[in-house]
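Number of protein chains: 4
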Amino acid sequence: MIKAGIVGGTGYTGVELLRLLAQHPQVELTAITSRTEDGLAVSDLFPSLRKRVNLRFSDPAKASLETCDVVFFATPHGVAMAQSPALIAAGVKVIDLGADFRLKDAAEFEKWYGMAHTQTALLAEAVYGLPEVNREKIRSARLIGLPGCYPTTMQLGFAPLLAQGKPLVDEAHLIANSASGVSGAGRKAEVGSLLSEASDNFKAYGVKGHRHLPETVQGLQAIAGRPIGLTFIPHLLPMIRGIHSTLYARILPDAMDTDFQALYERHYADEPFVDVMPPGSTPETRSVRASNTLRLAVHRPGGGDTLVLLVVEDNLVKGASGQAVQVMNIMFGLPEDLGLGQIPVSP
Amino acid sequence: MIKAGIVGGTGYTGVELLRLLAQHPQVELTAITSRTEDGLAVSDLFPSLRKRVNLRFSDPAKASLETCDVVFFATPHGVAMAQSPALIAAGVKVIDLGADFRLKDAAEFEKWYGMAHTQTALLAEAVYGLPEVNREKIRSARLIGLPGCYPTTMQLGFAPLLAQGKPLVDEAHLIANSASGVSGAGRKAEVGSLLSEASDNFKAYGVKGHRHLPETVQGLQAIAGRPIGLTFIPHLLPMIRGIHSTLYARILPDAMDTDFQALYERHYADEPFVDVMPPGSTPETRSVRASNTLRLAVHRPGGGDTLVLLVVEDNLVKGASGQAVQVMNIMFGLPEDLGLGQIPVSP
Amino acid sequence: MIKAGIVGGTGYTGVELLRLLAQHPQVELTAITSRTEDGLAVSDLFPSLRKRVNLRFSDPAKASLETCDVVFFATPHGVAMAQSPALIAAGVKVIDLGADFRLKDAAEFEKWYGMAHTQTALLAEAVYGLPEVNREKIRSARLIGLPGCYPTTMQLGFAPLLAQGKPLVDEAHLIANSASGVSGAGRKAEVGSLLSEASDNFKAYGVKGHRHLPETVQGLQAIAGRPIGLTFIPHLLPMIRGIHSTLYARILPDAMDTDFQALYERHYADEPFVDVMPPGSTPETRSVRASNTLRLAVHRPGGGDTLVLLVVEDNLVKGASGQAVQVMNIMFGLPEDLGLGQIPVSP
Amino acid sequence: MIKAGIVGGTGYTGVELLRLLAQHPQVELTAITSRTEDGLAVSDLFPSLRKRVNLRFSDPAKASLETCDVVFFATPHGVAMAQSPALIAAGVKVIDLGADFRLKDAAEFEKWYGMAHTQTALLAEAVYGLPEVNREKIRSARLIGLPGCYPTTMQLGFAPLLAQGKPLVDEAHLIANSASGVSGAGRKAEVGSLLSEASDNFKAYGVKGHRHLPETVQGLQAIAGRPIGLTFIPHLLPMIRGIHSTLYARILPDAMDTDFQALYERHYADEPFVDVMPPGSTPETRSVRASNTLRLAVHRPGGGDTLVLLVVEDNLVKGASGQAVQVMNIMFGLPEDLGLGQIPVSP
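Residue numbers (my numbering), protein chains in the order written: chain Z, 24 to 370; chain D, 24 to 370; chain R, 24 to 370; chain E, 24 to 370.
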């Protein structure tokens, strides 16, 4: 049994991790920390876990996280940076669901997150935890910077196009029109996330620059091995879970004869959690609700030179906690889908 | 033109008052105060009011509220109590949408609201602003304590039964099973009101004792002229606007032959904002959305001795701001429905 | 492995059965019938099941249901009545999620469902599939009439009160104020269930008499061994899944000293799927979403003589398909919770 | 007073027309037809109109529509084509909210709508009812083909760019990523529009070709006086009302110095129903709910060569019935905003 600890389990990625790990046959939950909820039974905060998770939140100072085999950080940026060095030194594997180890360039991190990066050596070592791209590196990693929710859809959506030897599309002008359920904003008391504000409503946000933009550009460039350009417009959906990304790319004249459907099917043929749907499909967010599957469809409206990719995931699962468990399975040599067999809940 | 001011216009009853007053043909909005938003254009906070309301929020200290003809308080309890004496002394009529002048017994107020009542003389003078019950007193009032949202549905729902000379139902065991949209909780950043918490969910709350219970008991006793007993269980609906109260009363043996439908139709025959629906109807909250109408239906399932009343209102209109405008019209001798002709928005 | 077939799998209880059975370690799904969708891959109708359920719908005439060990009917009333005799004769156990075998009185069935009951011998034999009440009879049953969604909450909510030797409450005047998500209406194209009609809205329905009333009265009387009287008012919630029943009972003078919390905890101490919450709790529908758990809380507002019970379940799981699997486990001598370990999905 | 009739008033654009016309100071509603609901009081079908609209539906054969001054068609395609010639011959002005008179090319109409166009002379005469583009032609029109809901956002969003003498953007590769509330699908009993299917979900649809594509291309080409190319991907939002279009255009090298914000503000300076928001704004659909206002914002992420326009409207008002009233006002020489002063309902 893998002894697992969670730092910062009072948010949505935290409770989703608890749901998944409590059902995982090879995991023993041993500690969950919260500065503000020390002593509270987890199931008092999250009644959905009554009789299933018997842990109590404990103050980070009291929790013996260094006795864990793996520790997940489901925390605001800065926390994993501060606490992970000691854990890694103690031989604990660390999976950070936050942003501390995503951007490889410390200056970029400082620009987008407003704080200096204090662990540049660890940052250099950290592996970006996107299994479909980095599986081999994850296998031997000590420290994982897990992708953000939007970036997972954008990278897995564009990857087959960019991973070819020569460009198929105008890589300088990629467009990602994305929309996320409100849970992506976390369990924070903010007026903009109130039901009375966010339900029965739709809007763009972060148009000037969202933190998931530099992360995605970095990831896409790593896949392509070439510079890319991306316009990313996120929108807020009046619902809890689910991300839908509508991706646009202009096909280059030389690539007009490409069979893109076949390209995608081939690229993801062996992936347990990526479902390339049949031609003509329009994936729905609910078709992946509460599961670790990402579905996508390839379109070329009117047979023209604009390629359109439709990508859906559950932002709390494949976009966060499920991907974290998938990565853990890889790190510990377990079957990659162990404990992740939940069938999507629909309707 | 009536010069109107609003204290505390940054919440939902505030913005709804602005919507209604900006369309009122006899009202000139002259001031709206907010300590935190001093100087901000109202339409910057509420883009729905762009090009329709040109006011800016001003600090209470700067706003010349005493030059208004009427001032509405859309504030947490305590504020109207503190500021209204000076306004009333200056000849300004005051309509408090909050709780300061609802409970006639200062001890009850202190028990439920956790603060002493400092204006007991004004409290004695204040008129409870439920037009269908207190129309004549409202006409000459200087100070109005406007009913809460739930109490309006419960009182107008039970009133025809209780207003008879002798009891028709077991008045000691009335039951009100109510449900409200989340906007009733106000525009406050609280975790429980987040879309991710309150949507796709339903629960009771305040079962031990909700502040609208003593207010309603007081009102029902005033209508009946006798003691009454009430069990009130509020619930939270996964939607923004609307209150639905399902009221239960046991018919007394002597009253089994009563034609309750006729009783209700007669009682409300001349009311512009109360719609007694035909037998067999099930009023929907959306049928009154964004309007000042309250609809109700009278049922007697299986022809037995349990009477069931179904009552709906828009909690922000008839349950708050619309009722405030209705009361203002009465106080200033205007047609009671002036500026309140909005047809419900459906779907 | 238990060979399981489903008749009528194109509705919501059907797809939920598929989700649960596909994850059940002792079940092999062998057939699913649909007259209208013959030949269609199940996962083409329900993309949430892609790569998890490989069956195709087949015409009832072609499906060899008699080779199954158990057949579930997720059909409108009348279908199970027509098809189950042949299956039972062939030694197949039948679990009817519909209404054909719920009401023991054929005349009552005809009155509420508008068709004669053609299988009165089977009706007499059929066991009402509520495990917490009928576990022993279920163990040896050949034919199960599974409870409706609302009746499960009402019966499990009132059962501890009624199962005592002498009455504790006024059993002639029980009240059930219930509310259900729209999935309870099924996957039928009806205007009233459109998102544009049912979302952002709340209303009562079926006030004159809902089909779940006679079923519940029958069940409660069986539990009490005495006549009972019930007023049942269902309401439609603007959400997909979840039922919340608020139950009211007047405590008899002799029973005023009863410790109702203890009574409920004792009654359900050994039940795997009933969670009696601590005093003061208000169970939320989302706390049981997509799981087979029913949670309830016991209240006595103001310490008076009105007892209030708050009960929640997922109408598609404990209210239908999960309960069906629970019953199947009992019938086949499996652990009662096998394949039903899903943790509620929240948020 | 203008005598107005409505053909096909049982859908959502019909009830919204009724809401607006019943509040219009210069309109007298004289007839509303429905083949299926002959004799039914309008307020029995739409309780929101109780005590406000006293008409009954009448069979088209009985209604004397030719005595109206104006008749609105809120019908499926084909109906206005069949009935409008006689009305126009009788001197009645016709405003078709449906699709019969939108596409100027009869062959295109037949291709997209699957029926031959039988009124090609009227089609040639019909004016496309987009006031901000066609105001002068509308003034003297006898027959209006009112724009679709999506096309209104796309055309008003792109118009200032295209209306310049020389191209500013790559007009062959415009992209419109749009999302609409479910009311856009109408009040039709279809499984895909059920709350249980469409709520808590998001997906693209009509990717292969939506009927609003040829209409929009035709309109944009008329504005530009040049051929244009458009990729249009509509999506379905889990809410009732509101359309949000996110428009993308690549700025041409020669136009990189353009002040697009100023261009848009200038273009719409005198428009009563188009609100160009300040730089950096992200318009919300709720900010126009139940009103005839369209709001838009101009963005240029990262200062690059991709221009992004965010456009919102209420699909039932500016996207349909409100625009119809605006057009009627123009046709009858009334102030353009008469009866359209509703302030958006928010929250």
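Hints are not guaranteed to be accurate.
Because identical chains cannot be distinguished in the list, a pair is counted as satisfied if it fits within a single copy or across any two copies.
To be verified - Pairs of lysine to aspartate or glutamate, EDC-like flavour, derived with a Cα cap of 20 Å: (1) Lys85 x Asp61; (2) Lys74 x Glu288; (3) Lys160 x Asp282; (4) Lys74 x Glu155; (5) Lys231 x Asp67; (6) Lys26 x Asp280; (7) Lys231 x Asp280; (8) Lys74 x Glu294; (9) Lys127 x Glu155; (10) Lys160 x Asp67; (11) Lys127 x Asp328; (12) Lys211 x Asp128; (13) Lys127 x Glu51; (14) Lys160 x Asp293; (15) Lys26 x Asp193; (16) Lys74 x Asp293; (17) Lys231 x Glu51; (18) Lys85 x Glu288; (19) Lys74 x Asp298; (20) Lys211 x Glu294; (21) Lys134 x Glu159.
Note that these hints are calculated values from the structure, not bench results.
Right, here's what the structure says about each hint:
no. : hint            : in the structure
1   : Lys85 x Asp61   : within (9 Å within a copy, 45 Å between copies)
2   : Lys74 x Glu288  : between (42 Å within a copy, 14 Å between copies)
3   : Lys160 x Asp282 : neither (30 Å within a copy, 47 Å between copies)
4   : Lys74 x Glu155  : between (35 Å within a copy, 18 Å between copies)
5   : Lys231 x Asp67  : between (40 Å within a copy, 19 Å between copies)
6   : Lys26 x Asp280  : neither (52 Å within a copy, 48 Å between copies)
7   : Lys231 x Asp280 : between (36 Å within a copy, 19 Å between copies)
8   : Lys74 x Glu294  : between (34 Å within a copy, 12 Å between copies)
9   : Lys127 x Glu155 : within (19 Å within a copy, 50 Å between copies)
10  : Lys160 x Asp67  : neither (39 Å within a copy, 36 Å between copies)
11  : Lys127 x Asp328 : neither (34 Å within a copy, 27 Å between copies)
12  : Lys211 x Asp128 : neither (28 Å within a copy, 38 Å between copies)
13  : Lys127 x Glu51  : neither (32 Å within a copy, 48 Å between copies)
14  : Lys160 x Asp293 : within (18 Å within a copy, 48 Å between copies)
15  : Lys26 x Asp193  : neither (47 Å within a copy, 53 Å between copies)
16  : Lys74 x Asp293  : between (37 Å within a copy, 13 Å between copies)
17  : Lys231 x Glu51  : neither (43 Å within a copy, 39 Å between copies)
18  : Lys85 x Glu288  : neither (49 Å within a copy, 34 Å between copies)
19  : Lys74 x Asp298  : between (34 Å within a copy, 9 Å between copies)
20  : Lys211 x Glu294 : neither (34 Å within a copy, 36 Å between copies)
21  : Lys134 x Glu159 : neither (30 Å within a copy, 52 Å between copies)
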